[in-house]
Amino acid sequence: DAKTTQPPSMDCAEGRAANLPCNHSTISGNEYVYWYRQIHSQGPQYIIHGLKNNETNEMASLIITEDRKSSTLILPHATLRDTAVYYCIVRGFGNEKLTFGTGTRLTIIP
Amino acid sequence: DTAVSQTPKYLVTQMGNDKSIKCEQNLGHDTMYWYKQDSKKFLKIMFSYNNKELIINETVPNRFSPKSPDKAHLNLHINSLELGDSAVYFCASSPGTGAPDTQYFGPGTRLTVL
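Residue numbers (the working numbering), protein chains in the order written: chain A, 1 to 110; chain B, 1 to 114.
One or more of the hints may lead you astray.
Here are the simulated lysine-lysine pairs, DSS-like style, with alpha carbons at most 27 Å apart [claimed, not checked]:
| id | chain 1 | residue 1 | chain 2 | residue 2 |
| --- | --- | --- | --- | --- |
| 1 | B | K9 | B | K19 |
| 2 | B | K67 | A | K3 |
| 3 | B | K36 | B | K67 |
| 4 | B | K9 | B | K71 |
| 5 | B | K71 | B | K22 |
| 6 | B | K9 | A | K97 |
| 7 | B | K41 | A | K97 |
| 8 | A | K3 | A | K69 |
| 9 | A | K97 | B | K19 |
| 10 | B | K36 | B | K22 |
| 11 | A | K97 | A | K69 |
| 12 | A | K97 | B | K67 |
| 13 | B | K9 | B | K41 |
| 14 | A | K97 | B | K40 |
| 15 | B | K41 | B | K67 |
| 16 | A | K3 | B | K40 |
| 17 | B | K44 | A | K3 |
| 18 | A | K69 | B | K9 |
| 19 | B | K44 | B | K9 |
| 20 | B | K52 | B | K36 |
| 21 | A | K97 | B | K36 |
| 22 | A | K69 | B | K67 |
| 23 | B | K44 | B | K71 |
| 24 | B | K67 | B | K52 |
| 25 | B | K22 | B | K9 |
| 26 | B | K52 | B | K9 |
| 27 | B | K44 | A | K69 |
| 28 | B | K36 | B | K71 |
| 29 | B | K9 | A | K3 |
| 30 | B | K67 | B | K44 |
| 31 | B | K36 | A | K3 |
| 32 | B | K19 | B | K71 |
| 33 | B | K22 | B | K52 |
| 34 | B | K40 | B | K71 |
| 35 | A | K97 | A | K52 |
| 36 | B | K41 | A | K3 |
| 37 | A | K3 | A | K97 |
| 38 | B | K40 | B | K52 |
| 39 | B | K41 | B | K22 |
If you're looking for bench data, these hints aren't it; they were derived computationally from the structure.
Predicted model, so just to flag it, every value in this text is computed and none were measured.
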């Protein structure tokens with residue numbers, strides 16, 4: 001699976017959009033981009049995933065660049081409960097395991 | 001209605017003991033996993049079972065033995081516990097459709113070996 005690069009930490013004001021970047025320049029054509037988060041040592045929580053097109057669900061939006069070498073997770077209206085470590089994971093078709101990196105520690109500031 | 005549950009939540013034990021952690025999922029999923037998160041917060045997969053069959057076995061000491069009595073349960077037995085086994089262990093499950101699918105994690109079991 002392709003490796004990912006994320007900033008170690010970010011701050012965002014409460015109520016603003018949080019934009020979390022991820023670089024995955026070695027991604028191959030059949031690899032998906034997944035986002036998970038872990039809130040204070042709880043179990044990781046699935047957020048969203050995508051292959052080529054931008055995706056949106058009730059939690060977030062995922063913007064994938066046209067060359068697929070990077071993506072951005074957007075939390076549209078961040079709340080204090082969104083403070084967590086966010087993991088960007090690239091995962092190939094048929095690959096059952098998630099390979100977690102160090103993620104981005106997002107802190108939402110009141 | 002907990003989707004993926006683990007017991008116990010906390011486990012404190014002495015070096016050399018044998019202990020088990022239980023995991024159950026009520027999502028009807030075919031695939032279950034065990035992950036380990038160490039003190040540096042790195043989260044790594046240990047095992048994966050699909051319909052009671054082992055499909056992933058990462059480089060894990062053979063003191064760790066997963067057991068899947070049915071596809072809703074995946075237990076982790078650890079023999080001769082060592083200090084380095086102290087970690088948080090997470091169980092997860094997924095539909096196991098063969099395509100990259102979403103994994104749902106349990107709340108974790110914090111194991112402390114003294």
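Any hints this thing doesn't respect? Which numbers, in order? 2, 18, 22, 29, 34, 38
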